[in-house]
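There are 2 protein chains.
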Amino acid sequence: MSKSKLRVLAQDDQAVCCSPMVREPLGEGDAIDLARMFKALSDPVRLRLLSLIASHEDGEACVCDLTGPFDVSQPTISHHLKVLREAGLVGSERRATWVYYWVLPTALARLSSLLQTSDAPTGVGAR
Amino acid sequence: MSKSKLRVLAQDDQAVCCSPMVREPLGEGDAIDLARMFKALSDPVRLRLLSLIASHEDGEACVCDLTGPFDVSQPTISHHLKVLREAGLVGSERRATWVYYWVLPTALARLSSLLQTSDAPTGVGAR
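If you read the sequences in order, they're chains A and B. Heads up, the first sequence is in our numbering, so the first residue is 79 and it goes up one at a time. Heads up, the second sequence is in our numbering, so the first residue is 79 and it goes up one at a time.
Note that these hints are calculated values from the structure, not bench results. Please read these numbers as outputs of a predicted model, since none were measured by experiment. Heads up, some of the hints might be wrong.
Unchecked claim - Derived lysine to aspartate or glutamate pairs resembling DMTMM-like cross-links, with alpha carbons at most 20 Å apart: (1) A:K117 / B:D121; (2) B:K117 / B:E171; (3) B:K117 / A:E138; (4) B:K160 / B:D121.
Stated by the list, open to error - Residues from chain B that keep clear of chain A, each with C-beta distances beyond 10 Å, as calculated: (5) A132; (6) S133; (7) C142; (8) K160.
Stated by the list, open to error - The following label-pair restraints were derived from C-beta to C-beta distances: (9) A:P153 / B:D149: 16 to 26 Å; (10) A:S97 / B:R163: 22 to 32 Å; (11) B:R163 / A:E164: 42 to 52 Å.
Glycine included, every Cβ here is placed at the ideal spot set by N, Cα and C.
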C-alpha cells in the first residue's frame, strides 16, 4: 500500500522533471536533486548492487543475496544500500530475519529520460 | 574527422555495454567505467553545464556562453568542463580565441540505456 503511494509520488515528480537535458537547460533545483541521485550511482559497488537488485528474480533481493558477489564487508554493503535508499533509487522492507530491497523504477526512468538524446535509443547521430 | 572517429568508437563501446541493468547484473569492469561517468554527473553545476551545452543552438557552446548563468568563478567552470571532458561526456575544440564544447551523444545514450527499466519510456509499472 505504502509502496504504491511511493510510486505514484515518483510518477508525479517525473511529470514535473525531467525532459531530456538536450532539449532545455536544467533548472538549479532539479540539478541539485538529480546530482544527488547520480552521486549514489558514482560508486562501482553501488552500481553493481543496484543492478543485482534490479535484475533479481521477482525484482527484489534479500540482503542475504547481496553480499556474496562482493569483496567488501557486510557493514560496507549495508552502508551502500542505505545510500541507494536515501537517494530514492531503491525501496526496502524488513520481513522476519531479512531486509528485502527492490528498485524504484520511476527513479531510474527519470534519470534515463533526462539523459536521452534526440538520437535515442540508438545514440547514433550528429552532435 | 577525428570527431567522427570518436563517435564510431563510442558506438562500438555501446554495443559491448550496456544493456539495461534491470536485465542482467553489471560486470565489475563496466561498473568501474560507468561509475566514473556518473561521478561526473554528481555535481549540480556540472549537470547544468552539460545541459546548457547539449541544449545550445547548433548543439555546441562557446565557453564564453557558459559562465554567465553560474555564480562560480571562471576557473571553477573550466575545472568542471575538464571533468566532463575526461569522463567522455563532452568533446571540445579551440577555435581562435574560444574553446567550444559539444555533448558526445553516444555517451549519454549509453547511460540512458543502462538506466532504462522494462517500463520505459513512461516509467510506470510494477516493481
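So which of the earlier hints does this model not fit? The structure breaks hints 2, 3, 5, 6, 9, 11; every other hint is satisfied.
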